[in-house]
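Student: In case you want the letters, here they are:
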Amino acid sequence: MAPLAQLEASMPAEVLSVSGLRKSYAGREVVAGVGFTLAAGQCYGLLGPNGAGKTTILRACLGLTSPAAGSIRLLGHPVPEQAREARTRVGVVPQFDNLDPDFTIAENLLVFGRYFGLADRQTRRRIPELLNFAGLSGKEKAKLATLSGGMKRRLTLARALVNDPDLLLLDEPTTGLDPQARHLIWERLKRLLAAGKTILLTTHFMDEAERLCHRLAILDEGKIIAEGTPQDLIAAEIEPQVVEVYGEDAPHWADSEGKTYARRLELSGETAFCYLQDGEVAALLTHLAGKPSMRRLHRPANLEDVFLKLTGRELRD
Amino acid sequence: MLAPPRLSLRAIAVWRRNYLVWRKLAIPSVLGNLADPMIYLFGLGYGLGGLLPQVAGVSYIQFLAAGTVCSSTMNAASFEALYSGFSRMHVQKTWDAILNAPVSLDDVVAGEWLWAAAKATLSGAAILVVISALGFIASPLALCVLPVIFLTGLAFAGLGLIVTALAPSYDFFMYYFTLLITPMMLLSGVFFPIETLPAAIQGISSALPLAHAVLLVRPLLSGQVPADIPLHLSVLAATALCSFWLALVLMRRRLLS
Numbered sequence: 001m002a003p004l005a006q007l008e009a010s011m012p013a014e015v016l017s018v019s020g021l022r023k024s025y026a027g028r029e030v031v032a033g034v035g036f037t038l039a040a041g042q043c044y045g046l047l048g049p050n051g052a053g054k055t056t057i058l059r060a061c062l063g064l065t066s067p068a069a070g071s072i073r074l075l076g077h078p079v080p081e082q083a084r085e086a087r088t089r090v091g092v093v094p095q096f097d098n099l100d101p102d103f104t105i106a107e108n109l110l111v112f113g114r115y116f117g118l119a120d121r122q123t124r125r126r127i128p129e130l131l132n133f134a135g136l137s138g139k140e141k142a143k144l145a146t147l148s149g150g151m152k153r154r155l156t157l158a159r160a161l162v163n164d165p166d167l168l169l170l171d172e173p174t175t176g177l178d179p180q181a182r183h184l185i186w187e188r189l190k191r192l193l194a195a196g197k198t199i200l201l202t203t204h205f206m207d208e209a210e211r212l213c214h215r216l217a218i219l220d221e222g223k224i225i226a227e228g229t230p231q232d233l234i235a236a237e238i239e240p241q242v243v244e245v246y247g248e249d250a251p252h253w254a255d256s257e258g259k260t261y262a263r264r265l266e267l268s269g270e271t272a273f274c275y276l277q278d279g280e281v282a283a284l285l286t287h288l289a290g291k292p293s294m295r296r297l298h299r300p301a302n303l304e305d306v307f308l309k310l311t312g313r314e315l316r317d
Numbered sequence: 001m002l003a004p005p006r007l008s009l010r011a012i013a014v015w016r017r018n019y020l021v022w023r024k025l026a027i028p029s030v031l032g033n034l035a036d037p038m039i040y041l042f043g044l045g046y047g048l049g050g051l052l053p054q055v056a057g058v059s060y061i062q063f064l065a066a067g068t069v070c071s072s073t074m075n076a077a078s079f080e081a082l083y084s085g086f087s088r089m090h091v092q093k094t095w096d097a098i099l100n101a102p103v104s105l106d107d108v109v110a111g112e113w114l115w116a117a118a119k120a121t122l123s124g125a126a127i128l129v130v131i132s133a134l135g136f137i138a139s140p141l142a143l144c145v146l147p148v149i150f151l152t153g154l155a156f157a158g159l160g161l162i163v164t165a166l167a168p169s170y171d172f173f174m175y176y177f178t179l180l181i182t183p184m185m186l187l188s189g190v191f192f193p194i195e196t197l198p199a200a201i202q203g204i205s206s207a208l209p210l211a212h213a214v215l216l217v218r219p220l221l222s223g224q225v226p227a228d229i230p231l232h233l234s235v236l237a238a239t240a241l242c243s244f245w246l247a248l249v250l251m252r253r254r255l256l257s
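The listed protein sequences correspond, in order, to chains U and F. Numbered according to my numbering, the first sequence spans residues 1 to 317. Numbered according to my numbering, the second sequence spans residues 1 to 257.
These aren't lab readings, by the way, just hints derived from the structure by calculation. All C-beta atoms in this analysis are idealised placements derived from N, C-alpha and C, irrespective of residue type, glycine included. One or more of the hints may lead you astray.
As the list claims (entries may be wrong) - Listed next, the in silico EDC-like pairs over lysine to aspartate or glutamate satisfying Cα-Cα at most 20 angstroms (straight line):
| # | chain 1 | residue 1 | chain 2 | residue 2 |
| --- | --- | --- | --- | --- |
| 1 | F | Lys24 | U | Glu140 |
| 2 | U | Lys139 | U | Asp97 |
| 3 | U | Lys139 | U | Asp166 |
| 4 | F | Lys93 | U | Glu172 |
| 5 | U | Lys139 | U | Glu107 |
| 6 | U | Lys152 | U | Asp178 |
| 7 | F | Lys24 | U | Asp102 |
| 8 | F | Lys93 | U | Glu239 |
| 9 | F | Lys24 | U | Asp100 |
| 10 | U | Lys309 | U | Glu239 |
| 11 | U | Lys291 | U | Glu221 |
| 12 | U | Lys143 | U | Asp166 |
| 13 | U | Lys152 | F | Asp96 |
| 14 | F | Lys93 | U | Asp171 |
| 15 | F | Lys24 | U | Asp120 |
| 16 | U | Lys291 | U | Glu257 |
| 17 | U | Lys291 | U | Glu239 |
| 18 | U | Lys190 | U | Glu221 |
| 19 | U | Lys291 | U | Asp305 |
| 20 | F | Lys93 | U | Asp97 |
| 21 | F | Lys93 | U | Asp102 |
| 22 | F | Lys93 | U | Glu107 |
Stated by the list, open to error - Using C-beta positions, here's what the derived DEER-type ranges look like:
| # | chain 1 | residue 1 | chain 2 | residue 2 | range |
| --- | --- | --- | --- | --- | --- |
| 23 | F | Pro28 | U | Phe133 | 45 to 55 angstroms |
| 24 | F | Asp36 | U | Ser24 | 46 to 56 angstroms |
| 25 | F | Leu31 | U | Lys223 | 51 to 61 angstroms |
| 26 | F | Arg254 | U | Lys223 | 23 to 33 angstroms |
| 27 | U | Thr229 | F | Arg6 | 33 to 43 angstroms |
| 28 | F | Ser257 | U | Glu14 | 24 to 34 angstroms |
| 29 | U | Thr146 | F | Ser206 | 25 to 35 angstroms |
| 30 | U | Gly20 | F | Asp36 | 36 to 46 angstroms |
| 31 | F | Ala138 | U | Asp164 | 49 to 59 angstroms |
| 32 | U | Gly20 | F | Val91 | 28 to 38 angstroms |
| 33 | U | Thr146 | F | Leu31 | 21 to 31 angstroms |
| 34 | U | Gly20 | F | Ser257 | 12 to 22 angstroms |
| 35 | F | Ala35 | U | Asp164 | 39 to 49 angstroms |
| 36 | F | Pro4 | U | Asp164 | 25 to 35 angstroms |
Please model the complete structure; the sequences and the hints are all you need to start from.
Tutor: Written out as structure tokens, the structure reads:
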């Protein structure tokens with residue numbers, strides 16, 4: 001067994017710790033006692049429907065809003081007291097594009113470097129590497145208006161790396177992107193994790209969280225309602241097997257026969273979601289084979305099932 | 001929220017960002033800023049001036065030239081702090097991007113304030129160059145106008161940032177121009193001497209920062225040392241500092257709540 005001191009040294013340091021965080025706007029508590037910690041090298045996901053408080057938590061971590069209660073330590077600095085010092089080692093990809101439309105690609109990076117106190121000479125040396133990472137090599141002089149949505153997102157990611165940060169905060173990094181652009185962003189984020197960066201990510205795409213996050217927290221109405229690795233959450237919160245049954249007859253079937261085959265069954269429009277234990281699948285599939293008017297899909301349970309179980313199927317606007 | 005400004009050198013990075021954008025369009029921007037006041041100066045100066053005997057001991061166009069330097073500085077600072085500032089703060093979200101870096105809101109607002117004042121100074125100085133070419137400048141004392149218009153720029157940039165901090169949209173700025181800037185221009189001795197106004201209104205004039213700028217600039221351009229220099233400078237400096245601080249408090253309330 002390794003001596004204790006050595007064990008401690010190899011233990012990942014805490015990059016971010018948040019505890020008891022509370023914040024209200026206009027009498028409504030949007031963050032109601034949130035706490036989590038982020039170890040170095042980890043990707044941590046904050047998942048939640050719209051209005052769950054994800055962006056407010058990120059803003060509080062950056063010291064851009066003062067919480068009503070709670071404490072935040074970011075890269076060894078208390079926040080908001082020393083937020084400015086802490087932000088020196090952080091890169092941020094905001095939810096909405098705020099690149100500088102008056103500048104070329106290279107100028108966007110150069111000017112952003114100045115906000116970190118970097119000399120232009122230093123940033124200029126890094127620009128080819130950053131653009132290569134963002135898949136924008138050779139586009140130094142391109143005007144911002146000529147970039148697609150995916151290219152702008154990648155440039156925003158490159159801009160967040162201009163100071164070679166230890167921690168990246170990504171607020172819904174792939175919202176509004178097509179599948180090709182999303183996969184490219186995911187691949188880049190994995191490369192950053194492999195290079196030892198720590199990532200805090202908010203998203204409402206469950207596949208994104210399942211692919212990228214080592215640990216995640218599901219938020220609803222300002223509270224963490226579940227926390228753990230994606231696999232642990234699926235194992236702990238939901239049955240392992242799902243059979244989706246759809247077609248015009250599905251609602252009627254769900255109300256009558258469906259219930260006898262699936263102990264837990266959710267109906268959404270014309271689709272019945274049957275949640276089953278491993279041993280219960282065969283009987284249902286045999287039964288459905290005699291019902292050609294309904295189509296079916298059998299798949300393992302995923303994070304989206306957990307999310308919908310915990311946060312419900314109603315719209316959150 | 002009411003804490004005094006905590007500033008750092010990062011404000012310069014914000015200033016330089018705006019400068020880099022301006023530099024791309026510098027020539028059209030300077031000419032554009034010059035055209036409007038020049039049209040008024042020549043139109044009113046020669047047109048109306050032809051009907052008038054001397055005003056306050058000089059030709060009307062020379063009288064108006066001094067006023068135009070000040071009003072043009074005021075307008076340039078106001079436009080920058082209102083429309084351009086609002087674009088960067090609210091529409092383009094440029095400030096949001098900057099605030100994610102180790103730059104405080106205080107630094108961002110200070111950078112904007114100094115930038116609007118610098119651009120206003122350039123606007124006033126461009127007019128100085130033109131009127132000096134026309135022979136309306138009496139002595140090198142006119143160079144002292146530069147710090148005065150910078151201070152004037154700071155005063156109106158600060159006032160403009162207050163309005164920007166409160167603005168829900170661009171339309172809001174119309175009220176500021178119609179209710180404050182235009183009356184200020186008419187009551188500050190830009191177009192005619194304050195002494196021609198009724199006594200009660202002269203009292204209002206003495207409280208307007210633009211009037212104090214005009215009272216410094218007009219004698220300096222005619223080669224005279226202005227009267228009451230400490231008073232005029234104090235009014236301008238107090239307006240600049242108080243408005244900057246109030247703008248900052250309002251910006252903190254708007255953006256960091």
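Student: Confirm or reject each hint.
Tutor: Here's how the hints hold up against the structure:
1. In summary, the hint linking F/Lys24 to U/Glu140 is supported, as the alpha carbons are separated by about 16 angstroms, within the 20 angstroms threshold.
2. Between U/Lys139 and U/Asp97 the CA atoms are separated by roughly 19 angstroms; this keeps the pair inside 20 angstroms, and the hint holds.
3. Restraint check: the Cα-Cα separation between U/Lys139 and U/Asp166 comes to about 26 angstroms, which exceeds 20 angstroms; the hinted pair is violated.
4. Of the pairs offered as hints, the one joining F/Lys93 and U/Glu172 holds, with about 17 angstroms between alpha carbons and a cut-off of 20 angstroms not exceeded.
5. Distance restraint check for U/Lys139 and U/Glu107: the Cα-Cα separation of roughly 11 angstroms lies within the 20 angstroms cut-off, and the hinted pair is therefore satisfied.
6. For the given pair, U/Lys152 sits about 13 angstroms from U/Asp178 by alpha-carbon distance, which is consistent with the 20 angstroms threshold.
7. Among the hinted pairs, F/Lys24 with U/Asp102 is consistent with the structure: their alpha-carbon atoms are about 9 angstroms apart, no more than 20 angstroms.
8. In summary, the hint linking F/Lys93 to U/Glu239 is not supported, as the alpha carbons are separated by about 44 angstroms, beyond the 20 angstroms threshold.
9. Only pairs whose Cα atoms come within 20 angstroms are accepted, and F/Lys24 paired with U/Asp100 is accepted, the gap being roughly 14 angstroms.
10. Pair hint U/Lys309 plus U/Glu239 holds up; C-alpha atoms about 11 angstroms apart against a cutoff of 20 angstroms.
11. Restraint check for U/Lys291 and U/Glu221: the C-alpha separation of about 41 angstroms exceeds 20 angstroms, so the hint is violated.
12. Among the hinted pairs, U/Lys143 with U/Asp166 is inconsistent with the structure: their alpha-carbon atoms are about 29 angstroms apart, more than 20 angstroms.
13. Restraint check for U/Lys152 and F/Asp96: satisfied, since their Cα atoms lie roughly 16 angstroms apart, inside the 20 angstroms limit.
14. Distance hint between F/Lys93 and U/Asp171 is fulfilled; the C-alpha atoms sit about 15 angstroms from each other, no more than 20 angstroms.
15. Taking the CA atoms of F/Lys24 and U/Asp120, the gap is near 18 angstroms; set against the 20 angstroms cutoff, the hint holds.
16. Of the supplied pair hints, the one linking U/Lys291 and U/Glu257 holds, its CA atoms being roughly 11 angstroms apart against a limit of 20 angstroms.
17. Pair hint U/Lys291 plus U/Glu239 does not hold up; C-alpha atoms about 24 angstroms apart against a cutoff of 20 angstroms.
18. Proximity of U/Lys190 to U/Glu221 is assessed by CA-CA distance (about 30 angstroms); at most 20 angstroms being required, the pair is judged violated.
19. Taken as a hint, the U/Lys291 and U/Asp305 pair is broken in the structure, with Cα atoms around 25 angstroms apart against an allowance of 20 angstroms.
20. Taken as a hint, the F/Lys93 and U/Asp97 pair is honoured in the structure, with Cα atoms around 8 angstroms apart against an allowance of 20 angstroms.
21. About 13 angstroms separates the Cα atoms of F/Lys93 and U/Asp102, which keeps this hinted pair within 20 angstroms; it holds.
22. Pair hint F/Lys93 plus U/Glu107 holds up; C-alpha atoms about 17 angstroms apart against a cutoff of 20 angstroms.
23. In this structure, F/Pro28 and U/Phe133 break the distance hint of 45 to 55 angstroms, their C-beta atoms being roughly 36 angstroms apart.
24. For F/Asp36 paired with U/Ser24, a C-beta distance near 48 angstroms keeps the hint of 46 to 56 angstroms intact.
25. A hinted range of 51 to 61 angstroms holds for the C-beta pair F/Leu31 and U/Lys223, which are about 59 angstroms apart.
26. About 28 angstroms separates the C-beta atoms of F/Arg254 and U/Lys223, a value consistent with the hinted range of 23 to 33 angstroms.
27. At about 42 angstroms, the beta-carbon gap between U/Thr229 and F/Arg6 stays in the expected band of 33 to 43 angstroms.
28. A hinted range of 24 to 34 angstroms for the beta carbons of F/Ser257 and U/Glu14 is consistent with their spacing of about 28 angstroms.
29. Restraint check, U/Thr146 to F/Ser206: a C-beta distance of roughly 54 angstroms breaks the suggested window 25 to 35 angstroms.
30. In this structure the supplied range 36 to 46 angstroms is violated for U/Gly20 paired with F/Asp36, their Cβ-Cβ distance being about 57 angstroms.
31. With their beta carbons about 58 angstroms apart, F/Ala138 and U/Asp164 fall inside the hinted range of 49 to 59 angstroms.
32. Separated by about 36 angstroms at the C-beta atoms, U/Gly20 and F/Val91 satisfy the suggested range of 28 to 38 angstroms.
33. For U/Thr146 paired with F/Leu31, a C-beta distance near 28 angstroms keeps the hint of 21 to 31 angstroms intact.
34. Checked against the hint of 12 to 22 angstroms, the C-beta distance between U/Gly20 and F/Ser257 comes to roughly 20 angstroms, which is consistent with it.
35. At about 47 angstroms, the CB distance of F/Ala35 to U/Asp164 agrees with the hint of 39 to 49 angstroms.
36. Between F/Pro4 and U/Asp164, the C-beta spacing of about 34 angstroms keeps the proposed range 25 to 35 angstroms intact.
Violated hints, listed in ascending order, are 3, 8, 11, 12, 17, 18, 19, 23, 29 and 30; each of the other numbered hints is respected by the structure.
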